[in-house]
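Engineer: Take a look at the letters that make up each chain.
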Amino acid sequence: MTVVLVALVLFPATLFGYQAVRTRAAGVRVIDVVARVPELGGFSPDRLQLRAGETVRLRLSSPDVVHGLTIPGLGVDVGEIYPGKVVEVDITPQKAGRYAFACTRWCGADHWRMRGVIEVAPADGAPGDGDETQPEAQEPLFQRLGLDIDAPRHAARDLPAEKPSAARGASLGAPLPAELADPGRRRALSPVEGFQLLRNSPETGRLDDQTLWDTVAWAWLRDATPQDRTRAVSLYARDCAACHGPDGKGDGPAGVDLPGMQKMRPEMPAGPADLTDPAHMLAASDALLQGKILRGGMGTGMPEFGSLYTDEEFWAMVAYVRSFLLND
Amino acid sequence: MRYALSDIAPIKRILRSRWLQWSLMSATLLFFVLAIIAGLFGTPAGNRNFGIVFVWIVWWGLLILLLVPFAGRLWCTMCPIPAPGEWIQRRSLVQPRPGSRLYTLGLKWPRKLRNIWLQNFGFLAVALFSIVILTTPAITAFVLLGFVLVAIVTSLLFERRTFCRYLCPVGGFIGLYSQAAPVEIRVKDQAVCAGHREKTCYTGNEEGYGCPWMLFPGSLTANTYCGMCTECLKTCPHDNVALFVRPPTAELWQRADRRVDEAFKGLIMLACAFIYSAVLIGPWGFLKQTAAAVGPPGWFAYAAAFLALNLAVLPGLFWLAVRIGGRLSGRGREQGGNRPRKLFADYAAVLVPLGLAAWAAFSLSFVLVNLSYAWSVPSDPLGWGWDLLGSASLKWTPYLTGLVPYLQIPVMLAGLGVALALALSTARRHGQTAWGAIPVAVFCTGATIGLLALYLV
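Chains A and B supply the protein sequences, listed in that same order. What the first sequence shows, in our numbering, is residues 5 to 332, in sequence order. What the second sequence shows, in our numbering, is residues 579 to 1035, in sequence order.
Hints may be right or wrong, so weigh each one.
As the list claims (entries may be wrong) - Derived EDC-like pairs (lysine to aspartate or glutamate); straight-line CA-CA distance at most 16 Å: (1) A:89 - B:965; (2) B:866 - A:213; (3) B:777 - B:767; (4) B:920 - B:835; (5) A:167 - A:114.
What the hints assert, rightly or not - Short, incomplete list of chain B residues facing chain A, as computed with Cβ under 8 Å: (6) 609; (7) 611; (8) 622; (9) 624; (10) 625; (11) 626; (12) 963; (13) 967; (14) 968; (15) 971.
Everything labelled a hint here was simulated from the structure, so no lab data went into it. Computed from a predicted model, the values in this text were never measured in an experiment. Heads up, the beta-carbon is just placed ideally off N, CA and C, and yes, glycines get one too.
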């Protein structure tokens, strides 16, 4: 009996001991993260605790469907995590703070909520001893402006007859008022308000409507670089198209059963917003659109992206969404 | 027509060695422990977990494709589940301790439960949750742990291998299908047993223990309840017990003491073969999703349908077939040995070759598709990134997928052929005309066509 007990104790002890030796020899802490469909738990663990400057190896696997992982704050995107396969990635956060991570492959109805957080504590020693901390995030523009992003908006009535062209607007070279030339101020205005501003300006007041709309398009799209566009196309395809549709019409398959704004405003249609509807989109400021993307839908079914996107990515996304109605 | 394999001297020496069963059980126990550890602590990805790959693919494939059809209850000889309980009960690993008290209350199993109904319901319980069990390493581990704990407790409370005989869900169908196997343990000459007063095959002696399965080998006529532990070969002082090879399915034609609980075992196995084939390897994704998601109302609907098919629909159809056969053969009144229950139980012999063929055909598909994981998983049994044997990076390769239907068809047809012949034989034995067997034959043929349709879809 002693032999059997020793064998039954020694055998497991050997397995765990070997693993401990292997881990020490690897020189990095290994964390196994299992990705399951959100209905069965999502990421496990979904909260990791590291120290600034510490290198950790994430071993990612999935027992069910294809998942993905991105840690935007650390510039990590591992691509697909196929069921039954392991993906390894080493991360070394240099700054203390909180870093969100999220699934990047549609894995189910609640894919958008498959998130986690990496909490990075300062390296050994008191703060100020050379370690860095993530800068505090600035209050979003819509909050600084005191915008109620859920308040009903009057539909725009002054709409362009044809799709405005930023290229035409640029070639015209009309002088932009300060409110439109400064991105910080322009983002607080809707394109319709921009149109009115140009209509009321002595320098541009005599131009025809289409020319003014072309100028609006130029004002709204001129700050977005080709890199911004590329990044936004990729993010839109990954995060938005499933619900809002590849062309922004709100006809994506994942949005079929979502309540949309109807949950808050029964008079509104159900489902994801039609980003190609000029009456509503041209009446919305960039700050409002950023707020919608950042905060998510408050019961509409739209998840929040505030923990995933940088400021640059938000404005790139807004510019991309504008491009459904405004030509480059 | 049978041959006593154990009369060959080297084989006799091995079978009579007390180290045989201990060494087999110890080896499988190590695998068992590894499967549990892998399930509890290893990766939840089944294809990289020793528990899933070596229990539900390798062990199951070996069991249903090789061990049971060709060696009967050989798995029971080496099964690790009863090992800890038996060793505790006997207070010994290998050698018997004559005269020493066994560490057990030694209670007798209640008479009313001395059948395989509990094994039937145990199997149904496992089968109902099997989608989750088969794909979740942790749950597999808990199920295995549960089995061994129940076996230990049973050994401490009841005599001998009560767990194996009356509780083990696996033993139920292994016993049933072992009737088709070409091996058996029987006495050579019953007259020798009649003249042996001590009956040490049942009571035990210094050479070994009395039959742990509570059988008297002298009157053994079926493999169903004999666990092939070989204790009787050791304890018989007259060398009157032997391991025989015989023609496959030999005892199916002879056995006259069939029971309703055994008939239900056969029907349950057939029903589960249908359900598994449709849910696990069928083209209906919603079925698999419903069966896997335990809790929502849809699952309860699936559970109700599962139990109805197992306990009502298929048994009802079979009962109807037997009754109609009785009418067709012109035996309108119950006569002599033709009581409906007896007919039902006797005709259920057809379910042995039919069900075994169905399970073999079903298992061929997923075993061949997934067998290649057996080469990589030993290198990294817990999915922790090891490479003990250098095979961890071997890629998954499905084997013979194009040939699988051509393997399944002859297997199913062979099972059907034996089932039809058995049906005719049963009719004759009961004094019925051939018409008596026709409805049962239709049942068997319909089941075969249904299963083949599932495999070939």
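Engineer: Run every hint past the structure and note whether it holds.
Structural biologist: Hint check results:
1. The straight-line distance between the Cα atoms of residue 89 of chain A and residue 965 of chain B is roughly 15 Å, inside the 16 Å bound, and the hint therefore holds.
2. At roughly 59 Å between alpha-carbon atoms, residue 866 of chain B and residue 213 of chain A are farther apart than 16 Å, so this suggested pair is violated.
3. The hinted pair formed by residue 777 of chain B and residue 767 of chain B meets the criterion: a straight-line CA distance of about 14 Å does not exceed 16 Å.
4. With a C-alpha separation of about 9 Å, the suggested pair residue 920 of chain B and residue 835 of chain B falls inside the 16 Å cut-off, and the hint holds.
5. For a cut-off of 16 Å, the pair hint linking residue 167 of chain A to residue 114 of chain A is broken: about 35 Å separates their Cα positions.
6. Nearest Cβ of chain A to the Cβ of residue 609 of chain B: about 11 Å, over the 8 Å cut. The hint is violated.
7. Look at residue 611 of chain B: its Cβ gets to within about 6 Å of chain A, closer than 8 Å, so that hint holds up.
8. Because the smallest distance between the Cβ of residue 622 of chain B and any Cβ of chain A comes to about 4 Å, under 8 Å, the interface hint for this residue holds.
9. Given the 8 Å rule on beta carbons, the hint for residue 624 of chain B holds: about 6 Å separates it from the nearest Cβ of chain A.
10. The interface hint given for residue 625 of chain B holds, since its Cβ lies 4 Å from the closest Cβ of chain A, which is under the 8 Å cut-off.
11. Taken as an interface hint, residue 626 of chain B checks out: its beta carbon lies about 6 Å from the nearest beta carbon of chain A, inside 8 Å.
12. Checking residue 963 of chain B against chain A: minimum C-beta separation of about 7 Å stays under 8 Å; hint holds.
13. Checking residue 967 of chain B against chain A: minimum C-beta separation of about 14 Å lies over 8 Å; hint violated.
14. Hint status for residue 968 of chain B: violated, given a least beta-carbon distance of 15 Å to chain A, over 8 Å.
15. The criterion of a C-beta within 8 Å of any C-beta in chain A is not met by residue 971 of chain B, whose closest approach is roughly 11 Å, and the hint is violated.
Violated hints for the displayed structure, listed by number in ascending order: 2, 5, 6, 13, 14, 15.
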